[in-house]
Amino acid sequence: MGFTQVYDYVAGKLDWLAAGLPIEGASAAHPRAGDVARPEVPTCGLEERLEDVQARVRAAGWDACVVVNPERVVLGLLRAKELDGDPDQRIEQAMRPGPSTFRPHVPIAEMAQYMVEHDSQNAPITTSDGRLVGLLRQQDAVRTAHELHQHHHGEEGGPA
Amino acid sequence: MTQAAPALACAACDKAIDCCEFCDRPDCPAAFCYRCVSVALGQATSDLHDHGG
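Chains A and B are the protein sequences, given in the same order.
Quick note: the first sequence, position 48, residue 458 per the working numbering, numbers continuous.
Quick note: the second sequence, position 30, residue 31 per the working numbering, numbers continuous.
Check the hints yourself; a few may be wrong.
Each pair of labels, with its calculated beta carbon distance range [unchecked claim]:
#, chain 1, residue 1, chain 2, residue 2, range
1, B, Cys20, A, Phe413, 30 to 36 Å
2, A, Arg541, B, Asp19, 25 to 31 Å
3, B, Cys20, A, Ala421, 26 to 32 Å
4, B, Asp19, A, Lys423, 30 to 36 Å
5, A, His563, B, Arg26, 44 to 50 Å
6, A, Arg500, B, Pro30, 33 to 39 Å
7, A, Asp418, B, Ala8, 31 to 37 Å
8, B, Thr46, A, Asp473, 19 to 25 Å
9, B, Cys20, A, Thr414, 33 to 39 Å
Derived by calculation from the structure, the hints in this document are not laboratory data.
Quick caveat, the model's predicted, so the values are computed rather than measured.
Beta carbons are placed, not taken as given, at the ideal position from N, Cα and C, and that holds for glycine.
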């Protein structure tokens with residue numbers, strides 16, 4: 411068939427999707443959690459002091475920070491509530507450990523629906539081995555899902 | 002005397018859980034277990050067969 415480079419991705423299709431790798435097909439153009447998540451979310455390490463992180467996060471205009479290790483594997487989350495804690499604490503003491511994380515290929519409409527139903531403001535998006543892709547904010551997820559819905563509605567209701 | 006933690010069950014499969022695996026809240030009114038959240042969001046596939054082969 412003329413292919414010169416062929417690989418067998420042993421971990422399987424779902425792992426490929428979960429790693430945020432490129433996809434093709436009819437639904438490939440639909441935005442997914444990994445497309446909408448913000449990769450520029452502030453990060454910090456376990457050993458830092460909350461006071462230092464508070465200043466950095468607020469200067470960047472954020473109200474959340476993801477705690478990662480040197481390989482960017484997610485260890486915890488600092489939401490507004492945790493960021494308002496005792497500034498003398500180390501991050502390890504202040505963070506919410508082991509937050510639920512989600513894969514980049516999850517359709518944005520489903521993430522938006524679940525985030526609204528569960529009143530979840532932020533959702534860390536990670537690859538299947540736990541590395542941070544970005545932080546998905548509820549307002550971004552809802553806005554994108556709404557735009558997608560409008561786009562589909564426009565296509566279905568277009569001129570005959 | 003200590004009080005037992007409130008019982009929480011997965012809204013989809015009724016499995017007993019400590020907290021919702023979507024929002025991490027122990028008082029979530031629509032709590033889901035890890036398995037059901039993963040399947041619902043397409044992060045895992047449901048079992049294709051309920052038998053061994």
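Taking the hints in turn, this is what the structure says about them:
1. Range check, cysteine 20(B) to phenylalanine 413(A): Cβ separation about 48 Å, and the 30 to 36 Å hint is violated.
2. For the pair arginine 541(A) and aspartate 19(B), the beta carbons lie near 26 Å from each other, so the given range of 25 to 31 Å is met.
3. Evaluation of the 26 to 32 Å hint for cysteine 20(B) and alanine 421(A) yields a pass: the beta carbon distance comes to about 29 Å.
4. About 32 Å separates the C-beta atoms of aspartate 19(B) and lysine 423(A), a value consistent with the hinted range of 30 to 36 Å.
5. Under the hint 44 to 50 Å, the C-beta atoms of histidine 563(A) and arginine 26(B), about 33 Å apart, miss the expected range.
6. Checked against the hint of 33 to 39 Å, the C-beta distance between arginine 500(A) and proline 30(B) comes to roughly 34 Å, which is consistent with it.
7. Distance hint check: the CB atoms of aspartate 418(A) and alanine 8(B) are about 46 Å apart, inconsistent with the given range 31 to 37 Å.
8. As the Cβ distance of threonine 46(B) to aspartate 473(A) is approximately 36 Å, the hint placing it in 19 to 25 Å is violated.
9. Look at cysteine 20(B) against threonine 414(A): about 50 Å separates their beta carbons, and that is not inside 33 to 39 Å.
Comparing the model with each numbered hint stated earlier shows that hints 1, 5, 7, 8, 9 do not hold.
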